[in-house]
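Participant: Here's the letter readout for the chains.
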Amino acid sequence: MSLDLFFQYLFAGITYGSIYAIVAIGFNIIYNATGIINFAQGEFVMLGGMISISLLQFMPLPLAIAGAVVITMGIGALIEILFIRWLESPSVLRLIIITIGISILLRELALHVWGESIRSLPYFYGNEITTFSLGSVHLSPQVMWVITACAVMVGGLNVFFKGTPIGREMRACAANRTAAMLCGINTRNMVTLSFMLSAGIGALAGCVMSPITYTQYDSGASLAIKGFTVAILGGLGNSMAAVAAGILLGILEAFSVSVVPLAFQDAISIAILLLILFVKPHGLFGSSEAARLKDF
Amino acid sequence: MLKIRNLDAGYGKLRVLKNISLHVDGGEIVTMIGANGAGKTTLLHTIIGLLNPTKGEISFQGQSCVRTAVGRIVASGCALVPEGRQVFAPMSVEENLLLGGYVLQRKEGRAAVQAELEHQYDLFPILRERSRQLAGTLSGGEQQMLAMGRALMSRPRLVMMDEPSTGLAPLIVRDIFQIIRRLRQEGNTVLLIEQNAKAALGIADRGYVLEVGKVILQGPAADLLANADVQRAYLGREKIA
Chain X
1 MSLDLFFQYL FAGITYGSIY AIVAIGFNII YNATGIINFA QGEFVMLGGM
51 ISISLLQFMP LPLAIAGAVV ITMGIGALIE ILFIRWLESP SVLRLIIITI
101 GISILLRELA LHVWGESIRS LPYFYGNEIT TFSLGSVHLS PQVMWVITAC
151 AVMVGGLNVF FKGTPIGREM RACAANRTAA MLCGINTRNM VTLSFMLSAG
201 IGALAGCVMS PITYTQYDSG ASLAIKGFTV AILGGLGNSM AAVAAGILLG
251 ILEAFSVSVV PLAFQDAISI AILLLILFVK PHGLFGSSEA ARLKDF
Chain P
1 MLKIRNLDAG YGKLRVLKNI SLHVDGGEIV TMIGANGAGK TTLLHTIIGL
51 LNPTKGEISF QGQSCVRTAV GRIVASGCAL VPEGRQVFAP MSVEENLLLG
101 GYVLQRKEGR AAVQAELEHQ YDLFPILRER SRQLAGTLSG GEQQMLAMGR
151 ALMSRPRLVM MDEPSTGLAP LIVRDIFQII RRLRQEGNTV LLIEQNAKAA
201 LGIADRGYVL EVGKVILQGP AADLLANADV QRAYLGREKI A
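So the protein sequences, as listed, match chains X and P.
Numbered as in our numbering, the first sequence ends at 296 without a single skipped number.
Numbered as in our numbering, the second sequence ends at 241 without a single skipped number.
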């Protein structure tokens, strides 16, 4: 493999990897607040893409993206209020099955609203054939948009969780829910907030990736599997590890093209998921001690 | 300040508390002693609102607080230092204390929280030294002090403590009880739940003895200390005929 080709694959891997990382962080935010995996996370990404494409007919691109993020956050909050909030001490398994139901519901709704056609946002800068060169590597500007957006989201989330009172309260809920209640914190609102937050970042990821990967009513499902693989690979609940794991998976997928046919690309992540669940279920960066304390 | 009448509570079909009545007046230290499984923790969880009673009435400062959200009860001035400390382990000592000031910040703003934080640091100097450390890395005694400081950050009128001495070295237990005494001097009211009956009755004004969900004895702490049944069951002294 030539050095140029190596870098070309590397950048493709980082691009897809950062998208997976964002989906995985969405999983982690809800996991930390509730202890469940929200399998509708991929649908948030799809909704972000679809809503922004529809809004684009009425308004400029930045507004359409902002609108899509806000609407998807609203949908996230609505889902939590309608399906999760009023349950009295539900079991983890029951909640997970509910989220699977929600993901099917959202997918079917999207099919009715937007049909089966494959859509996409236009490139934020230039078009399909615009490239810029980084040394000898030719990249689409959209790649930089994706990577930058993901980096900004990760940085923003870090500031939010470490630096703001409300982020601190959400972390407290994740660390010890009973103690958080005893401090007077309304833990149910924190759960709603966690759904809004992961819906929002999912939607934003859905917007920036749409020009490259396209958006279809069922594109959430495969993303959810990739994101889930990454969340497990990094260790559930650990968002910084998810970034490393996401980029790792993206790069592995990208380089797999030179060894196995392209059609097998999705099988790579499933194989990694199975392998990790068998060998190291607490993830590459998680401690086994902490994993034993978790319900799931 | 706190009045409980004919309270029944439990988990599902299991009735843990049976017809409990008790009261705590302002400025008192009241202790509730009893063996494991007597229902002490259940009682505190019912008062703070983590558990709904099946029957009976709880009133705090004249207001009924049955079926009220925990947050409301905490905001009204009732705080619980839970059993087993329950600190936010992955967060720093200072963050733990600031979270304890959640209701204070809502009522009186950020400046009040800062002032209260200084006050807690004065009460527990060790917490000031450890303010940047993660709560999970503290020793058991330090975690207990952090849990107490966190509860006090809400400037409660009534502090309820669930077995603060469990699993601590005798010297540290003495410190903890010293602090409880000091809390009363500062005008707090304390409901203390303990297995360490001797130490608890030693600092309390009044006491209740709980056995399998029922109050079987009550009275001034000095009387309970002298009571032969209490001595035999909880203080490890044989009655000398």
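A couple of the hints might just be wrong.
Stated by the list, open to error - Going by beta-carbon spacing under 8 Å, a handful of chain P positions derived as facing chain X:
| id | residue |
| --- | --- |
| 1 | Ile48 |
| 2 | Leu51 |
| 3 | Gly71 |
| 4 | Ala75 |
| 5 | Leu80 |
| 6 | Pro90 |
| 7 | Arg150 |
| 8 | Ser154 |
| 9 | Ile216 |
Don't read these hints as lab results, they were simulated from the structure.
The beta carbon of each residue, even a glycine, is placed where N, CA and C say it ideally should be.
Participant: Run every hint past the structure and note whether it holds.
Facilitator: Hint check results:
1. At its closest, the beta carbon of P:Ile48 sits 7 Å from a beta carbon of chain X; the interface hint therefore holds under the 8 Å criterion.
2. Because the beta carbon of P:Leu51 sits about 11 Å from the nearest beta carbon in chain X, more than 8 Å, this interface hint is broken.
3. At about 5 Å, the closest approach between the beta carbon of P:Gly71 and any beta carbon in chain X falls short of 8 Å, and the interface hint on this residue holds.
4. Taking 8 Å as the C-beta cut-off, the interface hint given for P:Ala75 holds, the closest approach to chain X being about 6 Å.
5. For P:Leu80, the interface hint holds, since its Cβ comes within 8 Å of a Cβ in chain X; the closest pair sits about 5 Å apart.
6. For P:Pro90, the shortest C-beta to C-beta distance to chain X is roughly 5 Å, which falls under 8 Å, so the interface hint holds.
7. At a threshold of 8 Å, the smallest CB-CB gap from P:Arg150 to chain X is about 7 Å, leaving the interface hint in force.
8. Hint status for P:Ser154: holds, given a least beta-carbon distance of 7 Å to chain X, under 8 Å.
9. Evaluation of the P:Ile216 hint against chain X yields a violated restraint, the C-beta minimum of about 29 Å exceeding 8 Å.
In summary, the numbered hints that this structure violates are 2, 9.
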